[in-house]
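From just these sequences and the hints, can you work out the full model?
Residue numbers (numbering that gives the first Met the number 0), protein chains in the order written: chain A, 0 to 377; chain B, 0 to 227.
Keep in mind that the hints were calculated from the coordinates and are not lab data.
Backbone N, C-alpha and C define an ideal beta-carbon position, used for all residues, glycine too.
Be careful, since some hints might not be right.
[As the list claims (entries may be wrong)] On the chain B side, residues computed to face chain A include the following (Cβ under 7 angstroms):
{"no.": "1", "residue": "P103"}
{"no.": "2", "residue": "G107"}
{"no.": "3", "residue": "S189"}
{"no.": "4", "residue": "Q190"}
{"no.": "5", "residue": "V194"}
{"no.": "6", "residue": "N205"}
{"no.": "7", "residue": "R209"}
{"no.": "8", "residue": "T215"}
{"no.": "9", "residue": "G218"}
{"no.": "10", "residue": "R222"}
[Unchecked claim] With a straight-line Cα cutoff of 25 angstroms, these simulated BS3-like cross-link-like pairs (lysine-lysine) come out:
{"no.": "11", "chain 1": "B", "residue 1": "K126", "chain 2": "A", "residue 2": "K141"}
{"no.": "12", "chain 1": "B", "residue 1": "K126", "chain 2": "A", "residue 2": "K228"}
{"no.": "13", "chain 1": "A", "residue 1": "K127", "chain 2": "A", "residue 2": "K141"}
{"no.": "14", "chain 1": "B", "residue 1": "K126", "chain 2": "B", "residue 2": "K202"}
{"no.": "15", "chain 1": "A", "residue 1": "K201", "chain 2": "B", "residue 2": "K74"}
{"no.": "16", "chain 1": "A", "residue 1": "K315", "chain 2": "A", "residue 2": "K122"}
{"no.": "17", "chain 1": "A", "residue 1": "K319", "chain 2": "A", "residue 2": "K201"}
{"no.": "18", "chain 1": "A", "residue 1": "K167", "chain 2": "B", "residue 2": "K102"}
{"no.": "19", "chain 1": "B", "residue 1": "K90", "chain 2": "A", "residue 2": "K228"}
{"no.": "20", "chain 1": "A", "residue 1": "K141", "chain 2": "A", "residue 2": "K114"}
{"no.": "21", "chain 1": "A", "residue 1": "K167", "chain 2": "A", "residue 2": "K9"}
{"no.": "22", "chain 1": "B", "residue 1": "K90", "chain 2": "A", "residue 2": "K271"}
{"no.": "23", "chain 1": "A", "residue 1": "K127", "chain 2": "A", "residue 2": "K315"}
{"no.": "24", "chain 1": "B", "residue 1": "K90", "chain 2": "A", "residue 2": "K201"}
[Claimed, not checked] Incomplete in silico selection of chain A near chain B, CB under 10 angstroms:
{"no.": "25", "residue": "A125"}
{"no.": "26", "residue": "D206"}
{"no.": "27", "residue": "Y212"}
{"no.": "28", "residue": "H213"}
{"no.": "29", "residue": "E246"}
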Amino acid sequence: MSFSFLQISKARQYLFSLSLVAGVSGICFLLSGLMGYRMVAFILLLTVSLIALLFDIMPVLLSALVSAVIWDFFFIPPRFTFRVGTAEDSFLLLMYFVIALINAVLTYRIRKAEKIAREKEEKANAVKLYNTLLSSLSHELKTPIATIVGASDNLLTGSPKISEANKKELIAGISVASLRLNQQVENLLSMSRLESGFIQPKYDWCDINELVYHVVNRLEQPVGSRQVKISIEDNLPFYRLDYGLMEQVLYNLLYNASVYTPDFSDILIVVKNNNERIFQLAADQPGRSAVSKEINRLIIIIEDSGPGFPEEEIEKVFDKFYRLKNTKPGGTGLGLSIVKGFVEAQQGAVTLENVPHGARFTIDIPAEVSYLNNLKNE
Amino acid sequence: MNSAGILIIDDEIQIRRLLEITLESHNHRVLSADSAREGLRMAAGHSPDLVILDLGLPDESGHLVLQRLREWYTKPVLILSVQSSEEDIVKALDNGANDYLVKPFRTGELLARVRSALRNAVAGPRKAVVNFNGLQVDLSARTVRKDHEMIRLTATEYSLLALFVRHEGMVLTHQYLLREVWGPGYINQSQYLRVFIAQLRKKIENDPNRPEYIITEPGVGYRFTSTE
Chain A
0 MSFSFLQISK ARQYLFSLSL VAGVSGICFL LSGLMGYRMV AFILLLTVSL IALLFDIMPV
60 LLSALVSAVI WDFFFIPPRF TFRVGTAEDS FLLLMYFVIA LINAVLTYRI RKAEKIAREK
120 EEKANAVKLY NTLLSSLSHE LKTPIATIVG ASDNLLTGSP KISEANKKEL IAGISVASLR
180 LNQQVENLLS MSRLESGFIQ PKYDWCDINE LVYHVVNRLE QPVGSRQVKI SIEDNLPFYR
240 LDYGLMEQVL YNLLYNASVY TPDFSDILIV VKNNNERIFQ LAADQPGRSA VSKEINRLII
300 IIEDSGPGFP EEEIEKVFDK FYRLKNTKPG GTGLGLSIVK GFVEAQQGAV TLENVPHGAR
360 FTIDIPAEVS YLNNLKNE
Chain B
0 MNSAGILIID DEIQIRRLLE ITLESHNHRV LSADSAREGL RMAAGHSPDL VILDLGLPDE
60 SGHLVLQRLR EWYTKPVLIL SVQSSEEDIV KALDNGANDY LVKPFRTGEL LARVRSALRN
120 AVAGPRKAVV NFNGLQVDLS ARTVRKDHEM IRLTATEYSL LALFVRHEGM VLTHQYLLRE
180 VWGPGYINQS QYLRVFIAQL RKKIENDPNR PEYIITEPGV GYRFTSTE
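Structure (structure tokens):
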């Protein structure tokens, strides 16, 4: 049963059902030499039943009525009058109308019941998903809070038995937990900024070389023993992008590439320019000739040497709160959805694929470029 | 820089206590106010050496307090702000704040900012030759040496470096740098700044990709630090 018809507007439903009745009646009329008028009644009933499967109750009732009238006028002898010749035919006409009505009402009821059942199921699924997300999120937030509360209580009640070394450990625990909490809150804030559609990129000239190294330097700790190999095309132009958003995008991707891959593995960053040069001519301004904007595409590829992603989950990894099955605890499933949101906010796209040795993320962003840095001036 | 009078304007008692304890443990005299009105009153009454101002106050916006302070107060003002509000920070810096700290901040960071702000506020003759970890800048002879080797800088590169050196440890916004080095007509031409920062780093940094002198403050500007 196709429910897509349910989305058709009311007016269209009337139009379709009446044209269907009219069309079928017309064909029957042309073939009326080949079949009896009672056969026509069955064909029309079938038509009304089909309409009942697809449309709302009112168009169906109207079709039932119209088809009864058509049958009476064009087919029941004497034809082309509303008069009905025999008592048997009168009874048949009455029965036709009643059956068409029952048909319509019953189908309508069944559909309504199905719709309610479906809505219930959808709601149950949504609640289940919400609960899963909430429990993972609250776990992520409560763990550091529990650490902070516990450690500070311990220090406050000041049992003399706690050694200086243990005190230091508790304090270090508080420090780590609060940084972790801060990171989670920042992710949630980024997500809510995205959700509210409030992200307005602040475009400014970005030195991508500087951006990449800035992020890599910030990531020293999570990267640990992993080897980060950076390959940036020579003479890369400046791009007009939002530095803050780009920083977060690269940070999240590289953070993932560090946390979910084995120690001593390689992380590769490749940056290149795709200069299918597009010149955008801004309108002439009074007193100034046309200003041309040159748009190139910035391509950033981040490859890790980890286990890659299960093929069937690749599509979902950018979904909000989605976490891979069988992944280690920690993380809220927000990192990659923030990446996608921030890249798309700058009209770009991010894709993920598995390569023989790991996973590859590719960012592709069209942006205005400036080759000023390649000029040897002064 | 031993002991300075510092006024804290912040409505959060925990943050105020944290700042008080930290600053007092470094021998500063600390006053605090929990609202804009109280803060302005105390600034006028005590003339502190430094004001630490939270941008989110209950009665008035911190921006307004800054504006009112700057009508007469010439000593450094340090802004406290929350994360992801570069626009707010840049606005405050362009309106006369000297530096900023983002909550949550590390204690070390707080003390470094306070130290630089107080040091930069000291008027009077400055040393002509300044040394930063192997980098020597002679402001009177306009020469720069790195590990005793003379470095040749272009006029623009030198102006940029001299500006950084004169505001050591403090953040300088993109707009400020563009206005001071290139002129008021260039404040939106940030690509010039990117070019010259990259060139300057190539000449003075040990590893231009891991800068130790000219640090990027994303979305705000640059900070010249000598690793102490």
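Between K90 (chain B) and K271 (chain A), does the CA-CA distance stay at or below 25 angstroms? Roughly 34 angstroms between the alpha carbons, so the hint for K90 (chain B) and K271 (chain A) is violated.
Any CB of chain A closer than 7 angstroms to the CB of P103 (chain B)? holds, 6 angstroms
When the least beta-carbon distance from V194 (chain B) to chain A is tested against 7 angstroms, hint result: holds, 5 angstroms
Quick one, is the T215 (chain B) hint okay against chain A at 7 angstroms, beta carbons? With a minimum Cβ separation of about 6 angstroms from chain A (threshold 7 angstroms), the hint on T215 (chain B) holds.
Proposed interface contact between N205 (chain B) and chain A, which counts if any beta carbon pair is under 7 angstroms: violated, 13 angstroms
Holds or violated: Y212 (chain A) as interface residue toward chain B, Cβ cutoff 10 angstroms? holds, 4 angstroms
Proposed interface contact between D206 (chain A) and chain B, which counts if any beta carbon pair is under 10 angstroms: holds, 5 angstroms
25 angstroms Cα cutoff - pair K315 (chain A), K122 (chain A): Holds, at about 21 angstroms.
Hint check: K126 (chain B) vs K141 (chain A), CA-CA at most 25 angstroms. Holds or violated? The hint is violated at about 53 angstroms.
Hint A125 (chain A) vs chain B: min CB-CB distance below 10 angstroms? violated, 30 angstroms
Would you check the hint for K167 (chain A) and K9 (chain A), treating anything up to 25 angstroms between C-alpha atoms as holding? Judged against 25 angstroms, a Cα distance of about 72 angstroms means the pair is violated.
Using Cβ atoms only, decide whether G218 (chain B) comes closer than 7 angstroms to chain A, and label the hint accordingly. Holds. Min distance 5 angstroms.
Consistency note: the structure conflicts with the earlier hints numbered 2, 6, 10, 11, 12, 15, 19, 20, 21, 22 and 25.
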